[in-house]
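Peer 1: So the chains spell out like this:
Protein chains: 2
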Amino acid sequence: MTIEQFVARSEGEWRSMRSGHSLAFQQFEQILSTITVKILGGNDPRVIDLLSSSPENRAKYTTPFLIQWEAESDWSKEISKENSSGSSILIPIPKTKSSGLLIRSIGYTEAIPLISTYCFLSDGTFKLKSKYEKTTTEERIWHLSENVRCRSSVVYTTKTSGILQTSFASEIKHLKP
Amino acid sequence: MTIEQFVARSEGEWRSMRSGHSLAFQQFEQILSTITVKILGGNDPRVIDLLSSSPENRAKYTTPFLIQWEAESDWSKEISKENSSGSSILIPIPKTKSSGLLIRSIGYTEAIPLISTYCFLSDGTFKLKSKYEKTTTEERIWHLSENVRCRSSVVYTTKTSGILQTSFASEIKHLKP
Chain A
134 MTIEQFVARS EGEWRSMRSG HSLAFQQFEQ ILSTITVKIL GGNDPRVIDL LSSSPENRAK
194 YTTPFLIQWE AESDWSKEIS KENSSGSSIL IPIPKTKSSG LLIRSIGYTE AIPLISTYCF
254 LSDGTFKLKS KYEKTTTEER IWHLSENVRC RSSVVYTTKT SGILQTSFAS EIKHLKP
Chain B
134 MTIEQFVARS EGEWRSMRSG HSLAFQQFEQ ILSTITVKIL GGNDPRVIDL LSSSPENRAK
194 YTTPFLIQWE AESDWSKEIS KENSSGSSIL IPIPKTKSSG LLIRSIGYTE AIPLISTYCF
254 LSDGTFKLKS KYEKTTTEER IWHLSENVRC RSSVVYTTKT SGILQTSFAS EIKHLKP
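Sequence order for the protein chains is A and B.
So in my numbering, the last one in the first sequence is 310, and the numbering has no gaps at all.
So in my numbering, the last one in the second sequence is 310, and the numbering has no gaps at all.
Bear in mind the hints are in silico, worked out from the structure with no lab data behind them.
Among the hints, erroneous ones may be present.
What the hints assert, rightly or not - With a straight-line cut-off of 25 Å between C-alpha atoms, the simulated DSS-like cross-links for lysine-lysine are:
hint	chain 1	residue 1	chain 2	residue 2
1	B	Lys292	A	Lys306
2	B	Lys260	A	Lys262
3	A	Lys292	B	Lys306
Said to hold, decoys possible - Computed beta-carbon distance windows for the label pairs:
hint	chain 1	residue 1	chain 2	residue 2	range
4	B	Glu279	A	Ser155	17 to 25 Å
5	B	Arg191	A	Ser220	54 to 62 Å
6	A	Gln159	B	Thr169	15 to 23 Å
7	B	Leu165	A	Gln201	32 to 40 Å
8	B	Asp256	A	His307	26 to 34 Å
9	A	Asn176	B	Thr250	43 to 51 Å
10	B	Ser186	A	Glu203	48 to 56 Å
11	A	Lys193	B	Ser186	51 to 59 Å
12	A	Gln201	B	Thr290	28 to 36 Å
13	A	Thr195	B	Gly175	52 to 60 Å
14	A	Thr291	B	Gln159	31 to 39 Å
15	B	Leu165	A	Thr293	24 to 32 Å
16	B	Arg191	A	Lys193	53 to 61 Å
Glycine included, C-beta positions come from ideal geometry on N, C-alpha and C.
Chain A on its own, in the form it takes in the complex:
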């Protein structure tokens, strides 16, 4: 699996069922949301802008994309306000065939720009590691079929590596008629 193949598979509108587990409190959280992934051109002003923040990587980028997410209002009580909807520009910078960097305009756990590292496991599972100031996240995405994928995440404290939360999403793509 290459990052270009992975981004191409990811493109589209996904209906997401996501469960969160707070390990210390044994609390469950459940969120229905829509996630849209769209490949962007290299001339998109948002891409040019983000690349300018990472000049050393500018020459090597591939398939920039936009992620937009919107949670359903029914579940609003359980969703922290800042994460209920939003969007982020992402730009992969391959280092090898199966690993590299991912520049993000806005992180998910903390709303700041960051550079994550990614790699693919032997079965094509995508692994993404992001280090924020207070937290570190590890995300996995694996496709079950053309239109179904799973996504898991773990949030650690950056200082002590304590595990704060895990989550798991089952996502179905709306295939175009």
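Given the structure of chain A, go ahead and fit chain B onto it with the hints provided.
Peer 2: Chain B alone, transformed into the frame defined by chain A:
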């Protein structure tokens, strides 16, 4: 990661938070349970009995173990009765350093004996595939630390490969004082 190392890491009593996703109905399910994994000796009569059902593999087995699970009664409405508690004997039969068979006395999705196949991904994630009469399951287990692991599963229909259910569990081991 070898199967022996994996079984040794798995031994102990785990507190499990599990979320199930029914994709067709967009229904969530959540279950708290206790899972106990115990390594058994080769002289255990349950091990001898199970090996006798698979004579061609008898000579090559390693670290048989017992899994017992018990769901909390609070959540009983959401738990189908036959899966709320139970136990299973499992016997690994390595074929290569990172793959092999797993003989099980009782399957989870359907309560019949079966032989599953396992392999380890490049980062040590354990993958287990089990083919029952009506359903096929793929399970993944990966350790986040000595005492925290994640477990995901997908249930497919064996005939059409349609995806019936996904699930994800976050599990914490009770460390001995």
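Peer 1: Take the hints in turn and mark each one as holding or not.
Peer 2: Hint by hint, here is what the structure shows:
Distance hint between Lys292 of chain B and Lys306 of chain A is fulfilled; the C-alpha atoms sit about 22 Å from each other, no more than 25 Å. Between Lys260 of chain B and Lys262 of chain A the CA atoms are separated by roughly 21 Å; this keeps the pair inside 25 Å, and the hint holds. Restraint check: the Cα-Cα separation between Lys292 of chain A and Lys306 of chain B comes to about 22 Å, which is no more than 25 Å; the hinted pair holds. Between Glu279 of chain B and Ser155 of chain A the Cβ separation comes to about 20 Å, which falls inside the hinted range of 17 to 25 Å.
Our hint of 54 to 62 Å for Arg191 of chain B and Ser220 of chain A holds, since their Cβ atoms are close to 58 Å apart. For the pair Gln159 of chain A and Thr169 of chain B, the beta carbons lie near 18 Å from each other, so the given range of 15 to 23 Å is met. Checked against the given bound of 32 to 40 Å, the beta carbons of Leu165 of chain B and Gln201 of chain A, roughly 34 Å apart, stay inside it. Judged by the Cβ atoms, the range 26 to 34 Å given for Asp256 of chain B and His307 of chain A holds: they are separated by roughly 31 Å.
Distance hint check for Asn176 of chain A and Thr250 of chain B: the Cβ-Cβ separation is about 48 Å, which falls inside the suggested range of 43 to 51 Å. Our hint of 48 to 56 Å for Ser186 of chain B and Glu203 of chain A holds, since their Cβ atoms are close to 52 Å apart. At roughly 56 Å, the beta-carbon separation of Lys193 of chain A and Ser186 of chain B lies within the given 51 to 59 Å, and the hint holds. Checked against the hint of 28 to 36 Å, the C-beta distance between Gln201 of chain A and Thr290 of chain B comes to roughly 33 Å, which is consistent with it.
Roughly 53 Å separates the CB atoms of Thr195 of chain A and Gly175 of chain B, a value that falls within the hinted 52 to 60 Å. The hint said 31 to 39 Å for the Cβ distance between Thr291 of chain A and Gln159 of chain B, and at roughly 34 Å that hint holds. The supplied range of 24 to 32 Å is met by Leu165 of chain B and Thr293 of chain A, whose beta-carbon atoms lie about 26 Å from each other. Our hint of 53 to 61 Å for Arg191 of chain B and Lys193 of chain A holds, since their Cβ atoms are close to 55 Å apart.
When the structure is compared with the earlier hints, no violation turns up for any of them.
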